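Trainee: The residues making up each chain are set out below.
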Amino acid sequence: MGDRFPRARTAVAGSATFGVGEMPGYSALEIAANAVHLALADAGMTLAQVDGLFIALPDDLFGALSLAQYLGIHPRFTDNNRAGGASFMSHLVTAVMMLDAGYLDCAVIAYGANQRSSGGKLSTPARPDRWDAPYAPMYPLSFYALAAARHMHQYGTTREQLAEVAVAARAWANTNPEAFAKGPLTIEDCLAARMVSTPISVRDCCLVTDGGAALVLTRMDRAKDGPQPPVPILGAAAATWYNSLSQADDVTTTAAAESGPRAMAMAGITPADIDTVQLYDAFTINTILFLEDLGFCAKGEGGAFVSGGRIAPGGALAVNTNGGGLSCCHPGMYGMFAMTEAVRQMRGAAANQIPGAKVALAHGNGGTLSAQATVIFGSADTV
Amino acid sequence: MSGSAQHWDKSLAEGRFLLQRAPDGSAVFPPREHAPGTGAPLEWIEASGRGTVYSATWIQRRPPEAPYNVVLVDLAEGARMMSWVEGVTPETLHIGMAVQARIADGPLLVFDPVAEGAA
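Line by line, the protein sequences are chains A and B. The numbering used here puts the first sequence at residues 1 to 383. The numbering used here puts the second sequence at residues 1 to 119.
To be clear, the hints were calculated from the coordinates, so they are not data collected in a lab. Treat the numbers as computed from the prediction; the structure is a model and nothing was measured. Idealized CB from N, CA, C, for every residue including glycine. Don't take every hint at face value.
[As the list claims (entries may be wrong)] Simulated restraints, written as ranges between beta carbons of each label pair: (1) A:25 to B:45: 52 to 60 Å; (2) B:43 to A:156: 17 to 25 Å; (3) A:118 to B:61: 22 to 30 Å; (4) A:62 to B:46: 44 to 52 Å.
[To be verified] Some chain B residues well away from chain A (every beta-carbon gap over 12 Å; in silico): (5) 5; (6) 7; (7) 14; (8) 23; (9) 67; (10) 76; (11) 92; (12) 113.
Full structure from sequences and hints, please.
Mentor: Set out below in structure tokens:
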């Protein structure tokens with residue numbers, strides 16, 4: 001047994017982002033609270049109806065308690081699950097099961113951060129463990145560099161192919177009004193960028209921005225009565241194989257190779273059924289690893305898969321249609337924004353809408369490729 | 001009495017590089033109280049110190065400070081650890097390179113390249 005999932009019995013009824021980009025003068029909690037209010041308005045629901053609250057904040061271990069206090073609500077259940085940027089997809093798994101069981105009626109998943117305005121550097125309380133720390137790896141960057149270096153060695157992946165990911169993300173961002181980083185970006189620009197931890201240069205790294213997002217989840221019967229088309233949740237799975245990448249059996253294969261197939265099995269679909277893919281691209285290598293691990297191409301072929309603009313606008317697969325963490329926003333943890341973009345695509349309301357898109361995958365990543373979680377959303381007419 | 005991690009630390013301070021071995025013969029690092037995945041008892045073994053570079057990155061610093069490397073080393077016994085390879089440059093350090101452990105000041109485990117053709 002295991003992995004029994006209430007396919008399409010719960011749905012996203014409300015979704016919102018707030019302050020994506022720069023929000024000087026706002027605290028993380030203020031940004032998150034604004035996103036919650038907008039998402040509730042989008043769902044046609046009120047604060048008083050919220051009985052489940054899920055959040056992971058970078059600098060507040062008790063984030064859900066702080067947000068409950070701030071909002072002035074008394075939830076039946078709060079969850080501070082901290083699986084890094086995959087936390088929010090894990091929150092969704094818990095929320096869906098609790099909604100379907102009738103323990104909750106209205107779950108809110110939220111995030112907010114002001115990392116750009118408060119310092120401009122990625123801020124995380126996570127650190128290398130005591131076995132890795134003496135060697136002073138950049139955390140988390142050098143761990144992704146070690147995965148990228150091995151992928152290049154093992155499969156012949158090139159820096160040009162990593163650059164393709166950044167260039168595609170920028171192309172999507174250029175036509176998304178919400179995206180923070182806009183303007184021309186070429187493969188040559190990426191190759192000439194300042195190296196940070198080989199083979200990762202500054203152009204292989206996600207942004208540091210402000211921003212918040214929130215989703216309102218309810219059972220499908222209730223979501224159908226809302227002002228927005230409900231976005232059914234078809235499957236969701238989390239997987240973790242280690243905390244430190246140093247202890248991976250194979251640093252070129254992540255636990256997305258487990259979470260993806262499990263979530264797709266719940267949804268009753270295969271990669272060929274997916275119209276758009278929203279991945280947590282903290283670094284360019286992530287996109288290549290996850291496209292392989294989720295089954296869009298074979299292991300080792302990710303570099304070729306993204307080349308020639310194949311994941312850019314007009315390409316073979318619509319990946320990170322908002323510009324992703326590389327060019328849309330990355331306020332410390334990106335997981336929520338992969339989901340809000342997937343929801344927009346399923347509503348037909350994305351800035352870079354994929355015509356006729358019926359199934360969207362959102363994938364979260366946390367730690368040093370450690371925590372992986374995949375969610376499959378459908379459009380209202382897939383149910 | 002101490003936990004496995006402290007026992008490993010004390011041994012390193014005495015000049016010994018220890019690993020653990022599970023009943024199925026697999027090597028375990030970092031130290032555990034029980035074998036990962038099975039919970040079986042573990043025994044301490046002396047590591048040969050022989051290893052192979054599995055992956056490597058050079059962390060850039062503001063000049064004039066030179067970049068430094070961080071590597072993952074596959075130990076001959078089978079476990080993997082993060083470390084530094086000393087006495088190499090971006091031109092000479094490569095994945096697949098044979099390396100040998102050394103206990104440097106700290107104490108800290110570091111690796112030196114093994115000369116081509118050396119036993």
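Trainee: Please go over all the hints and tell whether each is borne out by the structure.
Mentor: Here is what the structure says about each hint:
1. A:25 to B:45: 52 to 60 Å: This hint holds: roughly 59 Å between Cβ atoms.
2. B:43 to A:156: 17 to 25 Å: violated (41 Å)
3. A:118 to B:61: 22 to 30 Å: For residue 61 of chain B against residue 118 of chain A, whose Cβ atoms are near 25 Å apart, the range 22 to 30 Å holds.
4. A:62 to B:46: 44 to 52 Å: holds (46 Å)
5. 5: The claim breaks: residue 5 of chain B does not keep its Cβ more than 12 Å from every Cβ of chain A (closest is about 8 Å).
6. 7: holds (14 Å)
7. 14: Label holds. Min Cβ-Cβ 18 Å, cutoff 12 Å.
8. 23: Given a closest Cβ separation of 19 Å, the condition holds.
9. 67: The claim is violated: residue 67 of chain B sits with its nearest Cβ about 8 Å from chain A, within 12 Å.
10. 76: holds (17 Å)
11. 92: holds (14 Å)
12. 113: holds (17 Å)
Hint compliance for this structure: hints 2, 5, 9 are broken, all remaining hints hold.
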